[in-house]
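K.L.:
Listed below, chain by chain, are the residues.
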Amino acid sequence: MYDKTVRRRRAVLGLLVVSSLILLTAYFGERSGGALHNVQRGILEVVSPIQEGASRALKPVRDLFGWVGDTVSAKGDLQQTRADRDKWREDAIRNQTAARDNAQFRGLLNLDKQPKSLQPYGPVTARTIGSSPTLWYVKITIDKGTSSGIHEDMPVIASDGRSDTNSGLIGKVESATGNASVVRLITDSTMAVSARTAGGSAAGLVQPSPGNPRDLIMRYVAKDEPIAKDDVVVTAGTTSKRSDLGSVYPPDLPIGRVTRVDEAGAANQLPHLRPFVDLRRVQFVQVLTQKVNGNR
Amino acid sequence: MPNVHPQLLLRAAILGVAIVIVQVAAVSQIVLFGTSADLLPLVVAAVGLLCGSLSGATFGFAVGLLVDAALVQTMGLTSLVFIAAGYGAGRLRELRDPQAVVIPMVVGAAATAITTFGYGLMNFMLGIDAPVSFLLLRQILATIVLNALIALPVFAVVRRWLSPALPDDPRRRRRRAYTTGGLSPLTRA
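Taken in order, these protein sequences are the chains called A and B.
Going by this note's numbering, the letters in the first sequence line up with residues 1 to 296, in that order.
Going by this note's numbering, the letters in the second sequence line up with residues 1001 to 1189, in that order.
One chain only, chain B, in its complex shape (with noise of 0.2 angstroms):
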């Protein structure tokens, strides 16, 4: 990753253990119109959308691989598709750098739909005969609506976590300048 701040690298490490241990241990467990809540693939996706690409994909990748270890799962495979997640919200930053408000929603949506059906691709892949059923549809649909519903408050728990070791984004300080009676690059020419 080109010049991450150890501080940066800290909180990551500290926040990707932290909602794996939420996840497994509370979030999977409330059930919520017929389904779970998966913060996971919503947290690689705001981490992918503040810190860019690569951010975005190592964080997705450690993450996977400890949700694989902490519940003996097929190791590697969930580490494969949060490192699609992480890494397509990053590229969009990069490459669009979308600021509307609903922006982390439609991401976590599009998210946890990458991850869900990815996972589920993989394990058709790898030999488990699971034919897709009309409940399994619908329960994918309803993560993804609730975690779409619950993207925003988590992107901002995130970005607030984040935002003290994140460097300072030339956006942002344009913004400030002119609101603090600077001038813009337009009036200035």
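Same shape as in the complex, but just chain A (with noise of 0.2 angstroms):
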């Protein structure tokens, strides 16, 4: 009897394993439009409306724990804020007269002249439902899919709240069904976005720095460019004449601040930069559903 019970409890655990391992496999085997993820859509169809219905009728118990969490945060946050503050004052100014000079340039040049703004992108905007539990984070679910026009690689981008810089890219569609959206974010270990500082000319490739979701880094910096602590890294779009190589993201979607650069001016020089936008606080997100000018 003994030996029956063992038996039998040693073949189900056996069985699970197995089963495990073979979802992993055919998983990893097959393309994004195979059964499995078929099916993963299918029940994401299901659940996000489930989902998005418990989302809101927690959210007073999220903004609970949430309101404890800034006040215990908001102290030490002041002077940071107040310093940042008095330098993005500066920046506005600096940034007025170079719009200025800017247009007079583009006037020049008989480029657009109207003023930089995201509307152009088709912004829509969408609540998160859901995100991953696991402490490497990577993904969140958003209550528009393509029936608002949501479709695959299409840029996020999001404010957390805190202040009003604190916006910018977070990362791109992964999968669209009917009513929600997977969005991939930047601390993903697959993502790369073609990066450029906002005010200098180093360009580079800013992927995540794994296992530290507050931290990305920027890759391919050349030797010679310029970069410090404190500049601001930007999306660099299209930078291929080539129609086939063009960037999902478009041009200069700010996306953290250069925070320490390792072996600075050597060749294999490192920028670390903090991601303007907290992905744990994210609560609303904007997908660009068009490209302009293939996101040069």
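Be a bit skeptical, because a hint or two may be false.
According to the in silico footprint, chain A covers these stretches of chain B (three or more CB under 8 angstroms from chain A) [said to hold, decoys possible]: (1) 1029-1037; (2) 1044-1058.
Computed beta-carbon distance windows for the label pairs [unchecked claim]: (3) B:Gly1034 with A:Gln283: 14 to 20 angstroms; (4) A:Arg296 with B:Val1017: 44 to 50 angstroms; (5) A:Asp86 with B:Pro1098: 54 to 60 angstroms; (6) B:Gln1099 with A:Thr81: 50 to 56 angstroms; (7) B:Phe1117 with A:Pro120: 43 to 49 angstroms; (8) A:Gly34 with B:Pro1164: 37 to 43 angstroms; (9) A:Ala57 with B:Phe1117: 30 to 36 angstroms; (10) A:Arg31 with B:Arg1160: 42 to 48 angstroms; (11) A:Asp244 with B:Ala1165: 57 to 63 angstroms; (12) B:Arg1160 with A:Gln79: 46 to 52 angstroms; (13) A:Gly149 with B:Asp1097: 26 to 32 angstroms; (14) B:Pro1006 with A:Gly42: 22 to 28 angstroms.
Because the hints were derived from the structure by calculation, they are not lab data.
Where a beta carbon is used, it is the ideal one built from N, C-alpha and C, also for glycine.
Now that you have both chains on their own, put them together as the hints suggest.
P.N.:
Quick look at the structure:
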């Protein structure tokens, strides 16, 4: 009797483990349109309305915890925020001058004279209805999908609401169903964004610093490109002249601020950035559904 | 699973779906001490402790599958680590039958550690380049501590939900007999 129980226990355990491994292997082996991916999309389609309802119902609870946390951290943030405000004020004055000059240059070059705005990119606002429970925190689910014009590979921006400046690129749409989409965040190890510094000419590829969701690194910055602490990094957009090598991200979306540069000035200098958006605090996002001029 | 009562199956299924939705829709977005609580390993471990190793492992598999599907993650990955958590908690009950009040806390912390480290390990094995940083370790530790703190109420809720469908525990029956005037085996001897 005992042997039979032990055998049955081992058989069921083995069956479960083997099932998991088969699923794992099959999932890796198939393309994004495969059967398991379709099953996932189907389940997402069913679960997302429930998730949305639960997300709305539990918002007061989240807000309560958020309020407690914010109150505790607010005091520490105050000084930094004031310093940031002063710096941004200076930046704003400088930018106004630069924008005026820029418009003149654009006029001379017969280029677009319209002020920079995200409206041409067709932003669609969506609510976050789910997020990955793992520490790696690589995906969120939003409550808009293909019925709102959202499709795969569309860039996603957000603000974490802590201040007006805490907004920028957070990722791109990985998959979309009728009324929900999954967004892969820039902290995912498979993400890479072509970027450059806002004020200078240093260009590179922004990737996550794995294991640290508040740190990004900018690879392949040329040795002679000046880049320093506090530089703002933005998306570079499409830099290639070939239409098939276009970027999915429009140019000039803020990504983050340089916190330090490892081996500055060396051939393998490695700037670290802090993203402008605290990804754990994102409640609403905007998906940019249109490309303008091939994102150039 | 041996002799699984249909009512238990139904209650476990409802518990699994509800806890995944609550975790994904709310708890993941609540930041405490720089991290978020993860109710899923706690509930899987609680089911293992209450129902045994096979039920724990099966529940872990199902919950993991639902999480992977709902979050469009690699199918089977979370299932695999949750099987370990559910089975381990169940085997502890079957082999040692611990009675201390803090057992859910210890088992919850262990289950959280197994699932977070296991998930990380599986990710590394699948080729995700992720050096272990101090911050990551600190976050894992914070999650384990946070989960340990909430393990007791979570265990109590799971027990309350499942207890009407659980088979009567002989130990509980025996204790009840002593306290209501029944004779203990020692007295009879």
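K.L.:
If any of the earlier hints don't hold here, list their numbers in rising order.
P.N.:
As far as the earlier hints go, only 13 is violated by this structure.
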